[in-house]
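Participant: Read top to bottom, the protein sequences are chains D and A. According to my numbering, the first sequence holds residues 176 to 955 in order. According to my numbering, the second sequence holds residues 6 to 520 in order.
Calculated from the structure, these hints are not laboratory results. Please note that the accuracy of each hint is not assured.
Straight-line alpha carbon distances no greater than 30 Å define the calculated DSBU-like cross-link-like pairs of lysine-lysine that follow [to be verified]:
id, chain 1, residue 1, chain 2, residue 2
1, A, LYS10, D, LYS194
2, A, LYS56, D, LYS853
3, D, LYS865, A, LYS366
4, A, LYS366, D, LYS839
5, D, LYS780, D, LYS770
6, D, LYS857, A, LYS431
7, A, LYS194, D, LYS839
8, D, LYS857, A, LYS56
9, A, LYS56, A, LYS138
10, A, LYS26, D, LYS671
11, A, LYS497, D, LYS190
12, A, LYS469, D, LYS657
13, A, LYS311, A, LYS359
14, A, LYS359, D, LYS865
15, D, LYS857, A, LYS26
16, D, LYS657, A, LYS26
17, D, LYS420, D, LYS331
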Amino acid sequence: MSNDLQIIDRIVSDKGRGKMAIIPILQEIQKEFNFLPEDALRRVSEISEITPADIMSVASFYHQFRLRPVGEHMIKICVGTACHVKGAGQVYDAFKRKFKLKEEETTDASGKYTLEKVSCLGCCTLAPVVQIDQVTYGHVSTNQVDQIIEDFEIQKNTKTKKQYRKSDGTEIQGEIRIGLGSCCVASGSDDIRKAVEETVHNTGVKVKLKHVGCVGMCHQVPLVEVVPNKGEPILYSKVKPSDVKDIVTSHFKPKGLLSRLKNQLLETAEYIQTDAKWEGVERYELDMREKPVVSFLGKQIPIATEYRGILNPVDIEEYRSRGGFVSIERALKEMTPQDVIHEIRESGIRGRGGAGFPTGMKWELVARHESEQKYVICNGDEGDPGAFMDRMLLESYPYRVIEGMVIGAYAVGAHRGFFYIRAEYPLAVRRIREAIRHCEEANLLGNNILGTGFDFHVSIYEGAGAFVCGEETALIASIEGKRGYPRIRPPFPAEKGLWGNPTLVNNTETLAQVPYIIREGATKFNSIGTEHSKGTKVFALAGKIARGGLIEVPMGISVAQVVYEIGGGIANGRKFKAVQVGGPSGGCIPASLAKTPIDFESLTKAGAMMGSGGLVVLDDTDCMVDIARYFLSFTQAESCGKCTFCRIGTKRMLDILNNLCEGKARPGDLDELEKLAKWTQKGSLCGLGKTAPNPVFSTLKYFREEYEAHLNGVCPTGKCTALIKYTVNDKCIGCTLCAQKCPVDAIPFTPLEKHIIDNELCIKCDACRQACPVDAIDVR
Amino acid sequence: MIKLKINSQEMEVPEGTSVLKALRSAGFDVPALCWNDELEHINSCMLCLVKDNHSGRMMPSCSATAHEGMDIITDDEEISEARKTGLELLLSEHVGDCEAPCQIGCPAHMNIPRMNRLIAAGEFAEALKVVKKDIALPAVLGRICPAPCEGICHRRTVDEAVSICVLKRYVGDDNDLHPWPVPPLNGHKVAVVGAGPAGLAAAYYLRMGGVEPILFDMAAEPGGMLLTSIDDEKLPKDVLRKEIQSILNTGVIFRGNTAVDATMLDRLKAEYNAVVIASGNISDIVKSYQLSGTAKGLEVNDNTFKTSEKGIFAVGNVLRSSRLAIRSLGQGKEVAWSVMQYLNGQPVVGEPRKFNSRFGKLHPVEFTEYLTEAFNGKRIFPESHVAGFGREQAMEEAARCMHCDCRAIDHCSLRDWSDYYNAVQKRFQTSPRRAMTKHYQTDGIVYEPQKCIKCGICVKLTEKYSEEFGFTFIGRGFDVVVGVPYNEDLNKGLQKVGEKVAKACPTGAIELKKQ
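Bound-form chain D, shown alone (with noise of 0.2 Å):
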């Protein structure tokens, strides 16, 4: 333990000994120990400023901090919206029941993995998305956790190769981009990267390779696009690494390599180009040109995502030469700080991150607020479950946020700034942190920028996971070094923000809008949208979606739009039923409004809600009460615990919908969630609980049948579990499929006859209709 304290005094003198120390503190400490060890935790008091007291109330109010010890390794299993919508709760339940764990159980006997729910790991369109450790598994089907852990025991032995990337630069053929979007990486883009780095290597191919951020397609992932130096560029799409050296050399002939390994490959190259025998090829390649792509990304204006797909996130020259950095030199040499609000107030252009407030005004107010000290935050605490923009955003484009930061600071007078990003996007803090240096190299961040006299000086500060902190007040409460409270507006942070000055507290996406502003002046900015809700809007698309992924579109567009043009309408043939904006402070707007346009009032007047931007599409086989205990359940575990009525109303508001779908609801439980939700709004200080009935208010509104349907015991959509149960039809032959896969026995193994279910043992697991060949499983 000797030992261990030293590594706690070290820890301490590295982040400081005041109280605003304590969340990198703690941060650091679990990252040394994987968990919180009481011992260190009394050392840190000892030596610090931070009493017992300050550390429980803040170790205990934020998700990344683990007071017990985990398993060896972590599996996390995904309950994002999207994930939820495709049976994130059955993969749950399956790998809970896999390692036999009981009630509150989240480790193994054995010690070896740990299961934990996550919000949103942010592959949507990888629904379901479960991942142990670093490696991401998607489409996870219940039946399937063995196979997953029996892969990640083989992938956990392996030992990748070391990386090699060539780069003598002499005569390059072509350039090769791969995605490195979460998305991307998530699908095993990492992998492909390897694949092509060892194939140009081992090939000798002159080839310009390229990481680029997230294109978009998220749906088609892993990408690889290929461009030759002359001729058209080739887009591939769920690549495969054993895919890659076949594309490589189909593309770009080999050198220096034996001629029979030469015409072996340029074979191989001849059948991809005819697409004759190999399946791969005909499976996987996609023509950028071709019709479904195009209106997949042709609808679409990219502003926030300007050159999505060709930027490298860190190449800070490839930045410059794509326009970038333009709007600070401009800003900074020929605009006061008084034409930059101007400008920004012209553009019309109101924050992103949900509640919509007019950014020019918001930067007025800071401006006007005489201060020493002032404060920008880009706030990057995006927590909604089904949204991934900001991460997105400041993955692939770090400098875009970091100029349009520099000419915030500059319009309000602020020196100081810190980017808040959660500590569970450790690629984005990654890439601001390289982005950052380069920056400071380049003189566009420190002290007299670019020779115009202007200092700004930017830091890190991981968020340690809390949704609330997305509030304002609640995330400069959490940089002060406390739990995540929100307080009183006002005095708005305008006025009063950090340690009590004024602080600018804007959303990662509008800070990323703004340097375009800037560069192609407010009135091209205004031209696209709609009267009150200018410019475009990023959204995650994902859910019920035939082609899921970041889209990014102007303002006034219709949802049918986004749902039949850009996402290619419902996957699997089905019903478009309703689509969910804003995640849990938003609501749903049934197929039936499908004309209604996407600006924010447009939106609220539906009931739903712009939010940070999730957009998931339902089909018919989705409950709706279902849906807002989705949310609920959401924001209920989010609440600060704070107030009365969030506290506690969202609980009780999640009660009566839990009792609904376990079929225990009583008469009058619709009035009275009805009225519960009403003050809850009413009664909430912060966003959290104003907008935490969003949810149920919308699916009350348009789908009140199904709430009352459930009333009576019926599920009209077969999803709640208690209100179900399986059946096998007439269509079965006895293949015993459903026997096999059955966890709990419920089927007797009858082969060729007709199975049965027994309902006393079944757990409702759907394991049986997965895997099932001729659809003879009924769930009524």
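Chain D is already provided as a structure; the job is to place chain A on it using the hints.
Facilitator: Just chain A now, kept in the frame of chain D:
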């Protein structure tokens, strides 16, 4: 200074004043459970919601700052509903009984736990005061009462109930003297028709209120059914006579051999300030009074026992036939409240009853927690019915009582405001409650976390006074608890400001043990 309106009343307050302070200085009050004058405020309970008359929006007055031109409404129908809902949400997770179940179950509403504690401490005279406050004939009832209180004693869910009834009898038998001075007469005279348990109790409590009661009965001797229909072995006549005599000794006048027919009733109405009918059954004579009722009994208001005629009240078996003497006795006490309110020209509401939080059945795990307040022994049975308890036995048995009543019973803001807004605790009890726990500090502090409303006053106080460990919030959201860091015990948590914290707690979560 800032000018603003509170309930249309114009006023001035210094800049930076909170709306709560402003409205309090104007003489209005709102519930603010999380407010503490000496601390920097963080709003939590949200019960101080007031309305901005301009926007119609609600705001917590504790943390909103008064500004020029504000127009505040502190209470209207909507605000009341909001506060009621807020209180009901707090109550839905408030695991605690205000009054103990035995007291609520007692038809005379006697403060049983207090009696038990006094007996256990050997303070029998004090115990008699507690008993006599609600039960006029303890020695009698101690022999014949079927003891509904014991039926819902928390101890009974795991063990056996405390022997409440026999203890009460011991207190009644133990003392001949009336436990407090009889007040002087105030000039009001009330006729009480019928000298059974209901009539005797009514007369006794009227006398205790300064009224001169005259008891009329057809029989020559007071006692009614107690005298005629209970066998001597169960209730010896001398015990009955002695206890009735102690009532008559306080200045209750008895007129025996007097039947009160309709004509007589008219006379009583004319001669006395009020009449209480406690004549035991719905006889033909009672029917001739022409008061509204059915064949089963007279009809009265449930709380006040007012009949259809002004100035006439009715209690006991004349309303509904019952063998439960304690019920009649309790009603006799309650009607005295109504009659005195009537005589004093006050609104007649009956005996004041306050809101009671109740958590229902005690679970076995919780029994262990509750036993920390009680003697962990088997129930003691008297050797025989005739013998009853001896002094030592009584003290030992009384010590089995688990202090189920809340220590904050008469200074709990949650209870007071729940009472004021008629909050219904059951409304949001939509999922199983938490298990009750009790923690002790050797200097005499008791902490019951499941009664906590998470206002954070204790957290801030222990921080302010630099407790080494103090209290802190642990966890978040609905699952947040207030506790001592690292699960240290209460002695570590409260080394300096225990008493201050106990006094500042707005509910009964942290209390002084001696209470």
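Participant: For each hint, tell me whether it holds in the structure or not.
Facilitator: We went through each hint and held it up to the structure:
Of the supplied pair hints, the one linking LYS10 of chain A and LYS194 of chain D is violated, its CA atoms being roughly 41 Å apart against a limit of 30 Å. A hinted pair counts as satisfied when its Cα atoms are at most 30 Å apart, and LYS56 of chain A with LYS853 of chain D qualifies at roughly 16 Å. Proposed proximity of LYS865 of chain D and LYS366 of chain A is contradicted: the alpha carbons are some 35 Å apart, above 30 Å. Taking the CA atoms of LYS366 of chain A and LYS839 of chain D, the gap is about 21 Å. The hint holds against a cut of 30 Å.
As the CA atoms of LYS780 of chain D and LYS770 of chain D are separated by approximately 13 Å, the hinted pair is consistent with the 30 Å bound. Distance restraint check for LYS857 of chain D and LYS431 of chain A: the Cα-Cα separation of roughly 22 Å lies within the 30 Å cut-off, and the hinted pair is therefore satisfied. At roughly 58 Å between alpha-carbon atoms, LYS194 of chain A and LYS839 of chain D are farther apart than 30 Å, so this suggested pair is violated. Proximity of LYS857 of chain D to LYS56 of chain A is assessed by CA-CA distance (about 11 Å); at most 30 Å being required, the pair is judged to hold.
Simply put, LYS56 of chain A and LYS138 of chain A have alpha-carbon atoms about 44 Å apart, too far for the 30 Å limit, and the pair is violated. A distance of roughly 22 Å separates the Cα atoms of LYS26 of chain A and LYS671 of chain D; the hinted pair therefore holds under the 30 Å criterion. For the given pair, LYS497 of chain A sits about 29 Å from LYS190 of chain D by alpha-carbon distance, which is consistent with the 30 Å threshold. Between LYS469 of chain A and LYS657 of chain D the CA atoms are separated by roughly 16 Å; this keeps the pair inside 30 Å, and the hint holds.
The straight-line distance between the Cα atoms of LYS311 of chain A and LYS359 of chain A is roughly 21 Å, inside the 30 Å bound, and the hint therefore holds. At most 30 Å may separate the alpha-carbon atoms for a hinted pair to count; LYS359 of chain A and LYS865 of chain D exceed this at roughly 33 Å. A C-alpha spacing of about 22 Å is found between LYS857 of chain D and LYS26 of chain A, which places the hinted pair at or below 30 Å, so the restraint holds. Between the alpha carbons of LYS657 of chain D and LYS26 of chain A the distance comes to roughly 27 Å, so the proposed pair stays at or under 30 Å and holds.
For a cut-off of 30 Å, the pair hint linking LYS420 of chain D to LYS331 of chain D stands: about 24 Å separates their Cα positions.
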